Amino acid sequence: MIIFAFMFARLRNWWREFRLSLRIKITLSMSAIAIVLLMSSIISILEYKRMSNYVSDMIADDIRNIHVAQRLVDAVDTYNLQVLAVIGDDKLSSLPDFDRTGFLSYCDSLRAGFGEGNVIPMADSVLYAYSAYMLASMELEDVLQSNFIDTRDWYFTRLQPLFGRLRAYLDRLSGEMYAELQQNSENFDSGFYRSIIPGTVAVAVGILLVFLLMFFILAYYVNPIYKMHRSLGDFLKYRHRYTYTFDSSDQLGDLNADVMELTEENRALRRRNSALRDSNKTEDES
Amino acid sequence: MNLKVVSRNVGIALLVSALFMLLSVGVSFLDGRDSAMTPLLISFAITFIVGIFPFIFVRKIPRISLKDGYMIIALSWLLSFIFGALPYALWGGPFNIMNAWFESVSGFTATGATILEDIESLPRSLVFWRASTHFIGGLGVVVFLLLIIPTSSPMRLRLANMELSSLSRDDYKSRANRTVYIFAYVYLVMVALSFLSYLAAGMNWFDAICHSFSVSASGGFSSRNLSIASFNSPVIAIITIVFMLLTSIHFGLLFVTFATRSVKPLRNPILRFYLVSIVVISVVTSLSLKFSNMDLSWGKAFLDGTFHVVSYASTTGFGLSDNSVWPVLPCFMLVFVSLFCGCAGSTTGGLKVDRAVVLFKAIRMQIQKTLNPSTIYEMRLGKRILHDEDIYPHVLYIAMFFMLVGISAILCMLFGDPNGHALTGSLASLANVGPSIGTIGSMGNYNAEPGVIKFIFTADMFLGRVEIYPVLAVFSSIFRRK
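Protein chains in written order, with our numbering: chain A, 46 to 331; chain B, 109 to 590.
Hints were generated in silico from the structure; no laboratory data involved. Note that the structure is predicted; figures quoted are calculated from it, not measured. Ideal Cβ positions, reconstructed from N, Cα and C, are used throughout, including at glycine. Each hint can be trusted.
Restraint ranges, calculated between C-beta atoms of paired labels, are given here:
{"no.": "1", "chain 1": "B", "residue 1": "292", "chain 2": "A", "residue 2": "267", "range": "34 to 44 Å"}
{"no.": "2", "chain 1": "B", "residue 1": "521", "chain 2": "A", "residue 2": "157", "range": "41 to 51 Å"}
{"no.": "3", "chain 1": "B", "residue 1": "292", "chain 2": "A", "residue 2": "291", "range": "30 to 40 Å"}
{"no.": "4", "chain 1": "A", "residue 1": "245", "chain 2": "B", "residue 2": "555", "range": "20 to 30 Å"}
If you want the footprint, here are the derived chain A segments under chain B, 3+ residues with CB under 8 Å:
{"no.": "5", "segment": "67–76"}
{"no.": "6", "segment": "81–91"}
{"no.": "7", "segment": "242–252"}
{"no.": "8", "segment": "261–270"}
Throw the hints in and build the complete structure from the sequences for me.
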C-alpha cells in the first residue's frame, strides 16, 4: 500500500512537471485522429467482409433448401403417379420404386440447414407422414395379388389419404421454409444496419476529435498569435506596453515571454536613449 | 461555456469508463477470449482516445463557473451513456441501438432495468461490463472525477456541491471536500464486504463481484436470469437484504457510526422514520402475501415480502420471486415504497425519505397554522430548525418529480403504450428503481416496450439520477437569452 502510494505520488509529480512540446502536441493529436480513422476503416472492411460472406452463405443455403424441398415434392408426386398407373393397369410386373435413401437424406439435409424455428418440427412431421405412406404403399403388392380387394377402392380409402397428408405436410414445410427465408431476410436487414454502427461511431468520434482539435488549435495557437501580433503592432505603432499573456506550457508561451522581454528591453533602451539624448541636449545648451 | 475546462473534465469521466472496459477485456481474456473481447477492445480504444485527447492541450485547470460545472455533470453522464453503449452495440445479439442505449443508461444511472431476456447467454466479459456500469454510476461519474481532482482545487468544491444531493451535504458537518472521500470510502467498503459475504455464502467469484457491484450501487443488474432467486439460498437473500438496506442509508452516517464506534448517530430521526416505514410496509406486504391464495409458508412469505420491499425502497431492484403473479395490495406497496426510497447521501434514487420527512412535517405545520393562525411555529428536524428557505427547494423538487412522472406517462401514452406500463414504468425509471410490476416486474424486462417509450424511460432515468436540477440548469443556460 505504501509502495503504491509512493509510486502514485511520484507519478503525480512527474505528470505535473511533464510538458509537451508544440511538435508532440500536434503529432499526438493528429495521430489520435489517424488511429480512430484507421480503426473505422478496419472495422468497415471487416464488417463488409463478414456481411459479404454472410450474404453469400445465406443465398447459397436458401437456393439449396428450396431445391431440396422441391425435390421432395417431385419424388412423392412421381411415386404416387406411378402407383396410380400400376393400379390403372392392374399388373403386378411393373411395381413402382421409390428412392427412400435419397428422400431421407434430403429430409436430413433440411433439418441440418435450419438450426431452430418451425422447419425442423415440420420436417419431422413429413418424415412421420412419409413412413405411414410408405408402410401403406408396401401393401400394394398384396393388394394386386389379392382377388377379393378392390385395388381402386384400396387406393382411395387407404393410400390416398396418407398421400394427401404427406403432401400437405410437404406444402407446410415449404411454407415454413419461406417464412424462415423471410425471417433470414429481416435478420439480414437488422444485421446490415448493425454492421454499419461500428464504422459510423468511429467516424463520428473522428469528426468530434477533428472539431476538438480545431477548437484547441484556435484557442491555444491561432488566437494567441493574432493577439501577439496585435499587441506587437500596438507596441510598434503607439509605443503601448506589450502586456499580452496567455495560458500555455509550450514553445508559443516561451515565445510570448521572449517577445515580452524583448519589448521591455527595447522600451528600456529607448528610455535610456532618450534620457541620454536629453542630457546631451542640456549639456549642449549649457 | 468554457470548452477547455469542460472537455478536460468530461475526458476524465470517459477515462474511468475506459479503465473498466479494459478490465472487462481482462475478464474476456481470462474466460478464453469470449465473443465480446473485440467489441470491448474497440470500445476501450475509442473511449480512451476521446478521453485522453483534451489532455494533450489542456494542462492546467482554469477556474470553473457554475454554468461549466453543470455542463460537466450533464456531459459526463451523457457521454458515459453513449460510450458505455458501444460494447453492447458492437457485440450485437439482442442489442440494437435503442437496446444498447437503454442498457447503458440503466447501468450508469444504477436503475437496473434491462431489455435482456436471457442474461446467461451473454459472454461473461459483457456481463462484467454491465455490472461495471453500475459500479461507476453508483458512486456517480462525477464523484470519480472529483477523486482525481486535487483537494485544494476550488473547482472540486464547486463540483462536489453540484453533484452531491443537497440534502446529503447538510449533515454530519463534513465539508464537501471530505464528503467525496467519505462517499468513496464507504462505497468501496460496501463493495468489498458484500463481495466477501457473497463468496462466503457460496456464490462463485464472478457472480459475487457482479452482485456486489450491483448491490452497492443500488443497481439491480444480476448475472443470472432469475436474479437472486436463481441461487435458491435464503442466506444469499438475507445478505442481499442487509446490503440493500445499508446502501440506502446515508453514507456519512455509516461513516460516523463506524468512526466513533457509537450507535448515537443512528438515532437520527430520518433513519428512524425510514427503518420504521420499511418494517411496517414489509410486515403488511408479507402478511398480504401469506393470506393470498399463493400458498406460501410463513418464512417464504416474510422473506419474499421483506426482500422486495427493501429491494424497491433501496431502488436496487433485485428479485426473489415473480411479483407479476402477486395480489394487488403487495404490488401497490412496492409502488408506494419506490416513491420515497432511501436516505439522501446514499446510492439510492427516488425522492429520498429525507424529503418525505420534510414534506410531512411541513404539512403538519401548515395544518397547525390553519387551526391557530396567530401562533408562531418552528419546524425541527433533529436538532436543526428548518426555515422556509430550507423547506421550499425540497417541496418544489417533490412537485417537479411528480410533474415529470405525469409528463413522461402522458408521452408514453401518446406513443401508444401497448403494454400499459406508462405510469409504473415512468415512476420506476425516474426513481431509478428499475423493475416495477406486471411484465416489467422483478422477473420481467423492458424488451417488449417500443423504442420511443424506451427512450422516454432512459430520459427519466437520467433526470432521476442527477436529481433533475442540473439538466434543467444546462437547458436553461443553453436557451437563455444573453
